[in-house]
Amino acid sequence: MGKPKKINDIPQNERPRERLLTKGPMSLKDRDLLAILLGRGISGTDVMTLAERLSTVIDKKGLDIEAKDLLEFDGVGNAKATLILAAIEFVRRRIKPEGIKIARPSDLVPHVRHYADRKQEHFLCASVNGANEVINIRVVSIGLVDRTLAHPREVFAGPLTDRASAIILAHNHPMGPLLPSSADMDVTQQMRKAGDIMGIAVLDHIIFNRTDHFSLLDEKINF
11 MGKPKKINDI PQNERPRERL LTKGPMSLKD RDLLAILLGR GISGTDVMTL AERLSTVIDK
71 KGLDIEAKDL LEFDGVGNAK ATLILAAIEF VRRRIKPEGI KIARPSDLVP HVRHYADRKQ
131 EHFLCASVNG ANEVINIRVV SIGLVDRTLA HPREVFAGPL TDRASAIILA HNHPMGPLLP
191 SSADMDVTQQ MRKAGDIMGI AVLDHIIFNR TDHFSLLDEK INF
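In my numbering, the protein residues as written are 11 to 233.
Read the hints as simulated data drawn from the structure, not as lab findings. None of these values were measured; they are calculated from a predicted model. Don't take every hint at face value.
What the hints assert, rightly or not - The calculated lysine-lysine pairs, modelled on BS3-like cross-linking and capped at a C-alpha distance of 30 Å, are: (1) Lys70 to Lys33; (2) Lys39 to Lys111; (3) Lys129 to Lys70; (4) Lys203 to Lys71; (5) Lys33 to Lys90; (6) Lys111 to Lys203; (7) Lys39 to Lys70; (8) Lys230 to Lys90; (9) Lys39 to Lys71; (10) Lys71 to Lys90; (11) Lys70 to Lys90; (12) Lys111 to Lys71; (13) Lys230 to Lys203; (14) Lys203 to Lys33; (15) Lys33 to Lys129; (16) Lys129 to Lys230; (17) Lys90 to Lys39; (18) Lys111 to Lys129; (19) Lys71 to Lys129; (20) Lys111 to Lys33; (21) Lys78 to Lys33; (22) Lys90 to Lys78; (23) Lys78 to Lys129.
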(Lines of atoms letter the chains of each structure in order from A and count residues from 1; the text may use other names and numbers.)
(Lines give C-alpha, C1' and ligand atoms only; values in the text may rest on other atoms or scores of the structure.)
Protein backbone atom coordinates (compact mmCIF):
# COMPACT_ATOMS: atom_id res chain seq x y z
CA MET A 1 0.00 0.00 0.00
CA GLY A 2 1.33 3.44 -0.93
CA LYS A 3 2.37 5.99 1.64
CA PRO A 4 -0.79 7.66 2.98
CA LYS A 5 -1.29 11.38 2.55
CA LYS A 6 -1.12 13.54 5.63
CA ILE A 7 -4.50 14.87 6.71
CA ASN A 8 -3.39 18.46 6.05
CA ASP A 9 -2.49 17.53 2.47
CA ILE A 10 -6.03 16.37 1.75
CA PRO A 11 -8.56 19.01 0.62
CA GLN A 12 -11.12 19.74 3.34
CA ASN A 13 -14.04 18.23 1.42
CA GLU A 14 -12.07 15.03 0.72
CA ARG A 15 -11.06 14.28 4.31
CA PRO A 16 -12.50 11.09 5.86
CA ARG A 17 -15.16 12.72 8.06
CA GLU A 18 -16.38 15.03 5.32
CA ARG A 19 -16.55 12.23 2.76
CA LEU A 20 -18.44 9.99 5.16
CA LEU A 21 -21.06 12.71 5.58
CA THR A 22 -21.36 13.59 1.90
CA LYS A 23 -20.72 10.26 0.17
CA GLY A 24 -21.51 7.67 2.84
CA PRO A 25 -19.30 5.15 4.69
CA MET A 26 -19.01 2.81 1.69
CA SER A 27 -16.90 5.45 -0.08
CA LEU A 28 -14.16 5.21 2.55
CA LYS A 29 -11.23 2.82 2.68
CA ASP A 30 -10.55 0.89 5.90
CA ARG A 31 -7.71 3.29 6.69
CA ASP A 32 -10.09 6.27 6.44
CA LEU A 33 -12.65 4.70 8.77
CA LEU A 34 -9.94 3.95 11.31
CA ALA A 35 -8.65 7.52 11.05
CA ILE A 36 -12.11 8.77 12.01
CA LEU A 37 -12.11 6.55 15.09
CA LEU A 38 -8.61 7.70 16.06
CA GLY A 39 -9.55 11.35 15.67
CA ARG A 40 -6.00 12.67 15.54
CA GLY A 41 -2.42 11.51 15.38
CA ILE A 42 0.46 12.36 17.66
CA SER A 43 3.47 14.62 17.41
CA GLY A 44 5.43 13.51 14.37
CA THR A 45 2.81 11.00 13.22
CA ASP A 46 -0.22 12.08 11.22
CA VAL A 47 -3.54 10.36 11.90
CA MET A 48 -3.57 8.82 8.40
CA THR A 49 -0.12 7.31 8.94
CA LEU A 50 -1.14 5.97 12.34
CA ALA A 51 -4.32 4.48 10.86
CA GLU A 52 -2.25 2.82 8.13
CA ARG A 53 0.03 1.16 10.67
CA LEU A 54 -2.82 0.02 12.87
CA SER A 55 -4.81 -1.43 9.98
CA THR A 56 -2.03 -3.94 9.35
CA VAL A 57 -2.26 -5.52 12.81
CA ILE A 58 -6.08 -5.39 12.78
CA ASP A 59 -6.05 -7.19 9.41
CA LYS A 60 -3.87 -9.97 10.79
CA LYS A 61 -5.70 -10.42 14.09
CA GLY A 62 -9.28 -10.05 12.88
CA LEU A 63 -11.81 -10.45 15.67
CA ASP A 64 -9.02 -11.76 17.92
CA ILE A 65 -7.53 -8.26 18.27
CA GLU A 66 -6.80 -7.31 21.89
CA ALA A 67 -5.99 -4.06 23.67
CA LYS A 68 -2.34 -5.06 24.07
CA ASP A 69 -2.00 -5.35 20.28
CA LEU A 70 -3.14 -1.75 19.83
CA LEU A 71 -1.28 -0.32 22.80
CA GLU A 72 2.04 -1.36 21.25
CA PHE A 73 1.72 1.61 18.88
CA ASP A 74 2.94 5.05 19.87
CA GLY A 75 -0.03 7.38 19.95
CA VAL A 76 -2.55 4.72 20.96
CA GLY A 77 -3.48 4.89 24.61
CA ASN A 78 -6.31 3.33 26.55
CA ALA A 79 -8.89 5.77 25.18
CA LYS A 80 -8.20 5.04 21.51
CA ALA A 81 -7.66 1.32 22.04
CA THR A 82 -10.95 0.89 23.88
CA LEU A 83 -12.81 2.95 21.25
CA ILE A 84 -11.54 0.71 18.45
CA LEU A 85 -12.26 -2.50 20.38
CA ALA A 86 -15.73 -1.28 21.33
CA ALA A 87 -16.51 -0.47 17.68
CA ILE A 88 -15.39 -3.95 16.57
CA GLU A 89 -17.38 -5.66 19.31
CA PHE A 90 -20.48 -3.56 18.64
CA VAL A 91 -20.47 -4.62 14.99
CA ARG A 92 -19.85 -8.25 15.92
CA ARG A 93 -22.80 -8.33 18.32
CA ARG A 94 -25.36 -6.09 16.67
CA ILE A 95 -24.80 -6.37 12.96
CA LYS A 96 -23.87 -10.06 12.69
CA PRO A 97 -24.71 -11.60 16.07
CA GLU A 98 -25.20 -15.05 14.57
CA GLY A 99 -22.15 -14.95 12.30
CA ILE A 100 -22.10 -14.44 8.56
CA LYS A 101 -24.29 -17.21 7.15
CA ILE A 102 -23.24 -18.46 3.73
CA ALA A 103 -25.03 -20.76 1.31
CA ARG A 104 -21.94 -21.27 -0.83
CA PRO A 105 -18.29 -20.21 -0.48
CA SER A 106 -18.56 -17.33 -2.98
CA ASP A 107 -21.04 -15.67 -0.59
CA LEU A 108 -17.91 -14.62 1.30
CA VAL A 109 -16.91 -12.13 -1.42
CA PRO A 110 -18.90 -9.09 -0.15
CA HIS A 111 -17.23 -9.51 3.24
CA VAL A 112 -13.67 -9.38 1.85
CA ARG A 113 -14.19 -6.96 -1.04
CA HIS A 114 -12.75 -4.07 1.00
CA TYR A 115 -9.32 -5.68 0.61
CA ALA A 116 -9.52 -5.11 -3.16
CA ASP A 117 -8.04 -1.61 -2.89
CA ARG A 118 -4.84 -2.87 -1.24
CA LYS A 119 -1.73 -2.37 -3.38
CA GLN A 120 -0.27 -5.73 -2.31
CA GLU A 121 -1.79 -9.19 -2.39
CA HIS A 122 -3.49 -10.08 0.89
CA PHE A 123 -3.96 -13.82 1.46
CA LEU A 124 -7.07 -14.35 3.60
CA CYS A 125 -8.48 -17.31 5.47
CA ALA A 126 -12.09 -17.46 6.64
CA SER A 127 -13.00 -19.95 9.38
CA VAL A 128 -16.37 -21.64 8.88
CA ASN A 129 -18.30 -23.72 11.42
CA GLY A 130 -20.62 -26.67 10.88
CA ALA A 131 -23.63 -24.37 10.50
CA ASN A 132 -22.00 -22.61 7.51
CA GLU A 133 -21.33 -19.48 9.55
CA VAL A 134 -18.13 -17.52 9.07
CA ILE A 135 -16.49 -17.32 12.50
CA ASN A 136 -13.55 -15.11 11.61
CA ILE A 137 -11.64 -13.71 8.63
CA ARG A 138 -7.90 -13.22 8.98
CA VAL A 139 -5.08 -11.88 6.83
CA VAL A 140 -2.56 -14.71 6.77
CA SER A 141 0.12 -13.00 4.73
CA ILE A 142 0.81 -9.88 2.71
CA GLY A 143 2.89 -10.21 -0.42
CA LEU A 144 4.29 -8.18 -3.27
CA VAL A 145 2.23 -6.45 -5.94
CA ASP A 146 1.81 -9.64 -7.93
CA ARG A 147 2.19 -12.48 -5.46
CA THR A 148 2.02 -13.59 -1.86
CA LEU A 149 3.06 -16.74 -0.03
CA ALA A 150 1.25 -18.75 2.60
CA HIS A 151 2.25 -21.79 4.64
CA PRO A 152 -0.24 -24.32 6.07
CA ARG A 153 1.08 -23.62 9.57
CA GLU A 154 0.00 -19.97 9.32
CA VAL A 155 -3.21 -20.67 7.43
CA PHE A 156 -4.58 -23.26 9.86
CA ALA A 157 -3.41 -21.71 13.15
CA GLY A 158 -6.48 -19.49 13.45
CA PRO A 159 -9.07 -22.05 12.27
CA LEU A 160 -7.73 -24.59 14.78
CA THR A 161 -8.21 -22.03 17.55
CA ASP A 162 -11.71 -21.31 16.21
CA ARG A 163 -12.48 -25.05 16.11
CA ALA A 164 -13.58 -24.51 12.54
CA SER A 165 -14.88 -27.38 10.45
CA ALA A 166 -13.86 -25.75 7.17
CA ILE A 167 -12.06 -22.76 5.70
CA ILE A 168 -12.35 -20.58 2.61
CA LEU A 169 -9.18 -19.15 1.09
CA ALA A 170 -9.21 -15.83 -0.74
CA HIS A 171 -6.81 -13.23 -2.03
CA ASN A 172 -7.05 -9.96 -3.88
CA HIS A 173 -5.45 -9.32 -7.26
CA PRO A 174 -4.15 -5.74 -7.23
CA MET A 175 -3.43 -5.92 -10.96
CA GLY A 176 -3.92 -8.17 -13.96
CA PRO A 177 -6.62 -10.76 -14.74
CA LEU A 178 -8.40 -12.80 -12.09
CA LEU A 179 -7.36 -16.13 -13.58
CA PRO A 180 -5.44 -18.25 -11.05
CA SER A 181 -1.71 -18.63 -11.54
CA SER A 182 0.09 -21.95 -11.25
CA ALA A 183 1.22 -20.79 -7.78
CA ASP A 184 -2.43 -20.16 -6.81
CA MET A 185 -3.37 -23.68 -7.85
CA ASP A 186 -0.35 -25.19 -6.11
CA VAL A 187 -1.11 -23.45 -2.82
CA THR A 188 -4.74 -24.57 -3.06
CA GLN A 189 -3.67 -28.19 -3.41
CA GLN A 190 -1.18 -27.80 -0.57
CA MET A 191 -3.86 -26.41 1.74
CA ARG A 192 -6.38 -29.09 0.79
CA LYS A 193 -3.87 -31.83 1.64
CA ALA A 194 -3.02 -30.17 4.95
CA GLY A 195 -6.73 -29.72 5.70
CA ASP A 196 -7.41 -33.40 5.04
CA ILE A 197 -4.82 -34.31 7.68
CA MET A 198 -6.30 -31.90 10.24
CA GLY A 199 -9.93 -32.63 9.46
CA ILE A 200 -10.63 -29.10 8.21
CA ALA A 201 -12.07 -28.94 4.70
CA VAL A 202 -10.93 -26.29 2.23
CA LEU A 203 -14.18 -25.22 0.59
CA ASP A 204 -12.86 -22.83 -2.04
CA HIS A 205 -10.11 -20.46 -3.09
CA ILE A 206 -11.47 -17.15 -4.35
CA ILE A 207 -9.56 -14.47 -6.26
CA PHE A 208 -11.17 -11.04 -6.34
CA ASN A 209 -10.82 -7.40 -7.27
CA ARG A 210 -13.10 -4.37 -6.92
CA THR A 211 -15.69 -5.54 -9.43
CA ASP A 212 -15.42 -9.28 -9.93
CA HIS A 213 -14.22 -12.56 -8.49
CA PHE A 214 -13.03 -15.99 -9.62
CA SER A 215 -13.93 -19.12 -7.66
CA LEU A 216 -11.79 -22.20 -8.15
CA LEU A 217 -14.71 -24.26 -6.85
CA ASP A 218 -17.20 -22.81 -9.34
CA GLU A 219 -14.73 -23.35 -12.18
CA LYS A 220 -13.96 -26.86 -10.90
CA ILE A 221 -10.21 -26.20 -10.63
CA ASN A 222 -8.60 -28.43 -7.98
CA PHE A 223 -12.08 -29.11 -6.50
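Hints versus structure:
1. Restraint check for Lys70 and Lys33: satisfied, since their Cα atoms lie roughly 28 Å apart, inside the 30 Å limit.
2. Between Lys39 and Lys111, the direct Cα distance comes to roughly 24 Å. Compliance with the 30 Å bound is thereby established for this hinted pair.
3. For a cut-off of 30 Å, the pair hint linking Lys129 to Lys70 stands: about 16 Å separates their Cα positions.
4. Among the hinted pairs, Lys203 with Lys71 is consistent with the structure: their alpha-carbon atoms are about 25 Å apart, no more than 30 Å.
5. Using a Cα cut-off of 30 Å, the hinted pair Lys33 and Lys90 holds, with the two alpha carbons roughly 25 Å apart.
6. Distance restraint check for Lys111 and Lys203: the Cα-Cα separation of roughly 26 Å lies within the 30 Å cut-off, and the hinted pair is therefore satisfied.
7. Between the alpha carbons of Lys39 and Lys70 the distance comes to roughly 17 Å, so the proposed pair stays at or under 30 Å and holds.
8. The suggested pairing of Lys230 with Lys90 is violated, with an alpha-carbon distance near 46 Å, which exceeds 30 Å.
9. Our distance criterion of 30 Å between C-alpha atoms is met by Lys39 and Lys71, whose separation comes to about 18 Å.
10. In summary, the hint linking Lys71 to Lys90 is supported, as the alpha carbons are separated by about 17 Å, within the 30 Å threshold.
11. Taken as a hint, the Lys70 and Lys90 pair is honoured in the structure, with Cα atoms around 19 Å apart against an allowance of 30 Å.
12. Restraint check for Lys111 and Lys71: the C-alpha separation of about 21 Å stays at or below 30 Å, so the hint holds.
13. A hinted pair counts as satisfied when its Cα atoms are at most 30 Å apart, and Lys230 with Lys203 qualifies at roughly 17 Å.
14. About 45 Å separates the Cα atoms of Lys203 and Lys33, which puts this hinted pair outside 30 Å; it is violated.
15. Restraint check for Lys33 and Lys129: the C-alpha separation of about 23 Å stays at or below 30 Å, so the hint holds.
16. Between the alpha carbons of Lys129 and Lys230 the distance comes to roughly 28 Å, so the proposed pair stays at or under 30 Å and holds.
17. Taken as a hint, the Lys90 and Lys39 pair is honoured in the structure, with Cα atoms around 19 Å apart against an allowance of 30 Å.
18. A threshold of 30 Å between alpha carbons decides the hint, and for Lys111 with Lys129 the separation of about 29 Å falls inside it, so the pair holds.
19. Of the supplied pair hints, the one linking Lys71 and Lys129 holds, its CA atoms being roughly 20 Å apart against a limit of 30 Å.
20. Note on Lys111 and Lys33: the hinted pairing holds, with a Cα-Cα distance of about 29 Å set against a maximum of 30 Å.
21. Restraint check for Lys78 and Lys33: the C-alpha separation of about 34 Å exceeds 30 Å, so the hint is violated.
22. Between Lys90 and Lys78, the direct Cα distance comes to roughly 12 Å. Compliance with the 30 Å bound is thereby established for this hinted pair.
23. Taking the CA atoms of Lys78 and Lys129, the gap is near 28 Å; set against the 30 Å cutoff, the hint holds.
Checked against the numbered hints given earlier, the structure breaks hints 8, 14, 21 and satisfies all the rest.
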